[in-house]
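*Asks:* Knowing the structure of chain A, use the given hints to seat chain B on it.
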Amino acid sequence: MRKERLLLVLTMLLTFVMLFSACAAPAAAPAEGESSDSGDAAEAPAAESSIQIPETVDGKFNIAFVYVAPIGDGGWTYAHNQGREFLEAEMGDEVATAYLESVPEGADAERVIRNLARQGFDAVFTTSFGYMDATETVAEEFPDTYFVHVSGFKKNETNFSNLFGAMESMKYLAGMIAGARAAEDGSNRIGYVAPFPIPEVIRHANAAALGMRQTCPDCELDIRWIFTWFDPDLERQAAESMFDAGASVVITGSDTPGPVQVAGERGMYGIGYDSDTACEVDPGACLTVPYWHWGPFYVELAQSMMDGSFAGSDIYFDVDSGALGLLGFMEGQEPMAGVPESVIPQVQDLLAQMQAGDFTRFNIFTGPINDNQGNVIVPEGTVLTQSDLEGLSGIEGREDCTICMSWLAEGIVPDAQIPE
Amino acid sequence: MELALLVNLLAAGVRSGTPILFATIGEIFSERAGVLNLGVEGMMLMGAMTAYGVAYGTGNPWLGVLAAMGIGGLLALLHAFVTVTLRADQVVSGLALTFLGTGLSAVLGAPLVEIRSAPRLPNFRIPFLADIPVLGPIFFDHNVVVYIGFLLIPLAWFYIYRTRPGLELRALGEYPAAADTLGINVIRQRYFYVILGGALAGLAGASLSLAITPLWVEGMTAGAGWIAVGLVIFAGWDPVRGAMGAYLFGAIRRLPLDAQNLTFFLKNPTLGYFMNMLPYLFTIIVLVISSREAMRRRAGAPAALGVPYVREERGA
Numbered sequence: 000m001r002k003e004r005l006l007l008v009l010t011m012l013l014t015f016v017m018l019f020s021a022c023a024a025p026a027a028a029p030a031e032g033e034s035s036d037s038g039d040a041a042e043a044p045a046a047e048s049s050i051q052i053p054e055t056v057d058g059k060f061n062i063a064f065v066y067v068a069p070i071g072d073g074g075w076t077y078a079h080n081q082g083r084e085f086l087e088a089e090m091g092d093e094v095a096t097a098y099l100e101s102v103p104e105g106a107d108a109e110r111v112i113r114n115l116a117r118q119g120f121d122a123v124f125t126t127s128f129g130y131m132d133a134t135e136t137v138a139e140e141f142p143d144t145y146f147v148h149v150s151g152f153k154k155n156e157t158n159f160s161n162l163f164g165a166m167e168s169m170k171y172l173a174g175m176i177a178g179a180r181a182a183e184d185g186s187n188r189i190g191y192v193a194p195f196p197i198p199e200v201i202r203h204a205n206a207a208a209l210g211m212r213q214t215c216p217d218c219e220l221d222i223r224w225i226f227t228w229f230d231p232d233l234e235r236q237a238a239e240s241m242f243d244a245g246a247s248v249v250i251t252g253s254d255t256p257g258p259v260q261v262a263g264e265r266g267m268y269g270i271g272y273d274s275d276t277a278c279e280v281d282p283g284a285c286l287t288v289p290y291w292h293w294g295p296f297y298v299e300l301a302q303s304m305m306d307g308s309f310a311g312s313d314i315y316f317d318v319d320s321g322a323l324g325l326l327g328f329m330e331g332q333e334p335m336a337g338v339p340e341s342v343i344p345q346v347q348d349l350l351a352q353m354q355a356g357d358f359t360r361f362n363i364f365t366g367p368i369n370d371n372q373g374n375v376i377v378p379e380g381t382v383l384t385q386s387d388l389e390g391l392s393g394i395e396g397r398e399d400c401t402i403c404m405s406w407l408a409e410g411i412v413p414d415a416q417i418p419e
Numbered sequence: 000m001e002l003a004l005l006v007n008l009l010a011a012g013v014r015s016g017t018p019i020l021f022a023t024i025g026e027i028f029s030e031r032a033g034v035l036n037l038g039v040e041g042m043m044l045m046g047a048m049t050a051y052g053v054a055y056g057t058g059n060p061w062l063g064v065l066a067a068m069g070i071g072g073l074l075a076l077l078h079a080f081v082t083v084t085l086r087a088d089q090v091v092s093g094l095a096l097t098f099l100g101t102g103l104s105a106v107l108g109a110p111l112v113e114i115r116s117a118p119r120l121p122n123f124r125i126p127f128l129a130d131i132p133v134l135g136p137i138f139f140d141h142n143v144v145v146y147i148g149f150l151l152i153p154l155a156w157f158y159i160y161r162t163r164p165g166l167e168l169r170a171l172g173e174y175p176a177a178a179d180t181l182g183i184n185v186i187r188q189r190y191f192y193v194i195l196g197g198a199l200a201g202l203a204g205a206s207l208s209l210a211i212t213p214l215w216v217e218g219m220t221a222g223a224g225w226i227a228v229g230l231v232i233f234a235g236w237d238p239v240r241g242a243m244g245a246y247l248f249g250a251i252r253r254l255p256l257d258a259q260n261l262t263f264f265l266k267n268p269t270l271g272y273f274m275n276m277l278p279y280l281f282t283i284i285v286l287v288i289s290s291r292e293a294m295r296r297r298a299g300a301p302a303a304l305g306v307p308y309v310r311e312e313r314g315a
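Residue numbers (numbering that gives the first Met the number 0), protein chains in the order written: chain A, 0 to 419; chain B, 0 to 315.
So here's chain B without its partners, still in its complex pose:
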């Protein structure tokens, strides 16, 4: 009985942690390149809305996913232009992006609220693997987006830590002046990673509206974007730890629900309120840490995070 509960709990964690995983890894790329993007929530919402609309219009959910990644990338391009080219404050621009995405998705998505039947991404039970006791139901009986998430984790890790472009990416965030002297085009590469981060945030939104909570309702991310931004810090800008955090977070959301009627579990009703508070708490932590250099350093942030790159200026 207890084992079945644990399996259900972890399976739920993997499932509902997947959108957070995409957004977290996207934000890791962006921040590794030295650009803090607080617009994740807005990009996710635009992605979710676009994916749902395109999937409904074309009948093909995969086109919806592509469109969502496109719109996420487009919004991130705006952020890149403002922060990389114009060197404006990254926090302000990111917040504005969240407001923009939230508002725009609400306005443009208004007609979609009444549509309840857009095609969804399929569930896929992996033959044989899904039959393994315990591990099977936790990992191998899910929607396809969950498997995309599984693939993304090692890919992102390998890219960042074991490839030449990954090394350049880390240099961008740690010491862009040095990267520049090595012939790396800092501006162009920062654009690339910010847009990549936006595309992944768009994918996160699409995975929500087409798979995990397949619907379009205004504000449907309910703070997941902020959770992702916060997770990046707790994960120390590492995609594997970010993924574990995302899955853990999914499971933590489920835990108080399962535990409500279990006598062996400490009944703690305030847990529900606490969970609802987390996105806001994370936001505050992110803002505090990113606004103070000493704290940034202690948390292990890329040294040049939040600092616009000006060629030939001293320091980072």
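Looking at chain A on its own, in the form it has when it is part of the complex:
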């Protein structure tokens, strides 16, 4: 019958649409478990056919980027994609780039990365913590391809590096600004939207609290764990919760600029994260944004790959690399209107020291530092090591942490805890 045939065609069309749109859809599916041996044998057909491996460009140095979220997330992945575009703009004559977005972490990622290498890409950049093991495995299999993994800690001696940066330095400065603002407002209270109880987030919140105490010794930092990097409603609610509890500035550690908007609606102040556009939602209520500027590093790494000087290494950059920004304080920028006059020279001065390499993350985490219960965590004269900062223990080739990043700094409200 005609109707039945039409139905069949339509069903096929819908199936096609489903498969096709799954490419662009944010990964709603939970991440698969550890990359398993059965991965190749029992491939999920939908995932396999929905992630299309891009073509390489002949005669150019081809670099592929693997993203965990859509490039339109307005935050982490957006900033990485800006970096990719920077790389194209700088080295477009010699370098061609391609990217894959919303690639689930785990077994899928390993297959995608392997296929990219097989396709002939000269280098693959993977930009989420969960890609670490997959990148390591594929780097072993393809010694002639370069691999860079962002936000992890693994590497090999030849073709596999990791890359991350000391955002804590910028959070420290942001904390100074927030503290000055809260002191001037008389609230003596700021808030921090904390995504997950992991060393990276704890380190950033601690740095903000320590910075805050530099400009406002009586201030306290409130904190809300939201257990997600991206949830516009929840991020806003966390900010509202802290404003309701008396904060006059909220710093966000998650992806959207929602908390800055809430600040504007309440006549208070907010500090964004990740991307330098975060203040645009409400410039009058936004004090600053610590942001990532991946472009220069991408260029540097691409150059080292092309001239053969690339070697597997731990790259953990600080402010002097130029890959970290603080909106309103970088070259050619003006501080936002809400930043108290008194703190501007202080921040500018310390930022200049950071840019010169004279003040780094290790200066921030130098004893004496107490935790929010008043216990001594870092004794006088002790400096935390890189492993301490990253909370690493039991990782081959790295020393274990002795003061692991599982404490909240003095200045954070005494009631606050790190969830288990």
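To be clear, the hints were calculated from the coordinates, so they are not data collected in a lab.
Wrong hints could be hidden among the right ones.
[Claimed, not checked] Here are some, though not all, of the chain B residues that point toward chain A, as calculated from beta-carbon distances under 7 Å:
1) Asn7
2) Thr212
3) Met219
4) Arg253
In this text, a Cβ means the ideal position worked out from N, Cα and C, and glycines have one as well.
*Replies:* Okay, now just chain B, sitting in the frame of chain A:
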């Protein structure tokens, strides 16, 4: 102190429950007519993206709302065509619609991500009412979409339970053959309610991107559409209970945040993970219930939900 916390909590619940409320009531209309539409999440995303784009382009957020309702209705029309006219499987078509809406809104909305200044729907503090202690801040100091939600609840309830078209609507979902013999055009009416449901899902999206979380970012509904589909079942297809569920859900999201530093409240960090899991849990529940007739009946679903209507065929 505790009272202030409770007031803030409930006010937050009313506020962030509003988009879920619109989507839930929309889905209730659609399912009452006998058509399950799992495309709510996709329609909301398209609505949110369209509303934001149109509001930015025209400078008028209300035009954005209208456009969002239009696009939601249009997507629902597609679903109606596939499921009512072609009698295809409603679950498959609805899921496809969600994928379509999610993907399309991501592609078309890509340039909007960099725009951070589209006009928003205004906040409005209702004079006098907002000054009532406790109730004032909870109900009468909000964005205008929240008040639209207040109006929609009794309207939907009255329409479904107290009007002639409402009776016909219920007949459509319970026993379409009987409705047909009474001269009700089952096909046309089902189209109407599916499209109405889509328009309300579009409104839900617009209320997100222009009022509740005024921004466009990909996937910004973060599962709210699935929550709405699930709520319909827990509400027993009743708009008043659906509304209470939506507000309650908004408050539940806020609760663990407020409670984190309170010593009198049981500190339970896993609550956060649990909340993030809920949209997926709801999806599973919906799929299980809607795929088994016995469970559908026990949950109180319209008897003909998910069943295409074929004239002169026996049964529903």
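*Asks:* Decide, hint by hint, whether the structure agrees.
*Replies:* Here's how the hints hold up against the structure:
1. Asn7: Where the cut-off is 7 Å and the nearest Cβ of chain A is about 5 Å from Asn7 of chain B, the hint holds.
2. Thr212: Hint holds; Thr212 of chain B Cβ to chain A Cβ min 4 Å, cut 7 Å.
3. Met219: Where the cut-off is 7 Å and the nearest Cβ of chain A is about 5 Å from Met219 of chain B, the hint holds.
4. Arg253: 5 Å, holds
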